[in-house]
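Visitor: Below are the chains, spelled out letter by letter.
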Amino acid sequence: GDSVTQTEGPVTVSESESLIINCTYSATSIAYPNLFWYVRYPGEGLQLLLKVITAGQKGSSRGFEATYNKETTSFHLQKASVQESDSAVYYCALGDDSNNRIFFGDGTQLVVKP
Amino acid sequence: AQTIHQWPVAEIKAVGSPLSLGCTIKGKSSPNLYWYWQATGGTLQQLFYSITVGQVESVVQLNLSASRPKDDQFILSTEKLLLSHSGFYLCAWSTGNSDYTFGSGTRLLVI
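Just so you know, the sequences run in chain order V and G.
Each step along the first sequence adds one to the number in this note's numbering, with nothing skipped, and position 109 is 109.
Each step along the second sequence adds one to the number in this note's numbering, with nothing skipped, and position 89 is 1089.
Bear in mind the hints are in silico, worked out from the structure with no lab data behind them.
Hints may contain errors.
[As the list claims (entries may be wrong)] According to the in silico footprint, chain G covers these stretches of chain V (three or more CB under 8 Å from chain G):
#, stretch
1, 59 to 72
2, 89 to 99
3, 103 to 113
We put the beta carbon where it would ideally sit given N, CA and C, even for glycine.
Same shape as in the complex, but just chain V (with noise of 0.2 Å):
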């Protein structure tokens, strides 16, 4: 089926240090796939963080990005510098515009510490 995993959480890191939370996705159904990183922080609503249509583009958005890999079905989201500001919940998400629907990741709460 259609499916995304991702890192589970809470991942801790320390502000300034890199981060790698891990997505990985099966389409089996949809043709043309869509991937996306979405960022709930504390009392907000969900937001989109970055998108990727296109398998081999990087996305990038706030010091974030990731790469669109069909190869190895991930997307994985990657900053160098992590601030305390970017505590949150990120969800990987794989969409599929021909049928509307948008499959989530569970969420990986990251906490970044001063």
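Use these hints to put chain G onto chain V, whose structure you have.
Guide: Just chain G, lined up with the frame of chain V:
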């Protein structure tokens, strides 16, 4: 600018009581509308979507129903709540082109 408003922000309801959650989108004509639900500690799951007024497709059966009475309004409801309905409900809209925008959500506790 487009805005999406969900109400209420939070609810505590008794088992067996009715429920109505609302979502309104302003500034966008004929959006695709969606309802999502996340149980505590669970995965965010798509429940319903609608691409036009009066038409709603069910994705996951949870003894809930949805309606789209107006172009900019999406309602989630049930006549009898179950304990298992507790969780976080999110409304979203898109133009059908990988550009989902989510509301702030409604937190529901059924007791």
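Visitor: Please go over all the hints and tell whether each is borne out by the structure.
Guide: Now the hints, each set against the structure:
1. Counting residues of the stretch 59 to 72 of chain V whose beta carbon lies closer than 8 Å to any beta carbon of chain G gives 0, which falls below the threshold of three, so the coverage claim is violated.
2. Given as covered by chain G, the stretch 89 to 99 of chain V passes the check, having 3 residues with a CB less than 8 Å from a CB of that chain where 3 are the minimum.
3. Coverage of the stretch 103 to 113 of chain V by chain G holds. Counting CB-CB distances below 8 Å, 5 residues qualify, and the rule asks for three or more.
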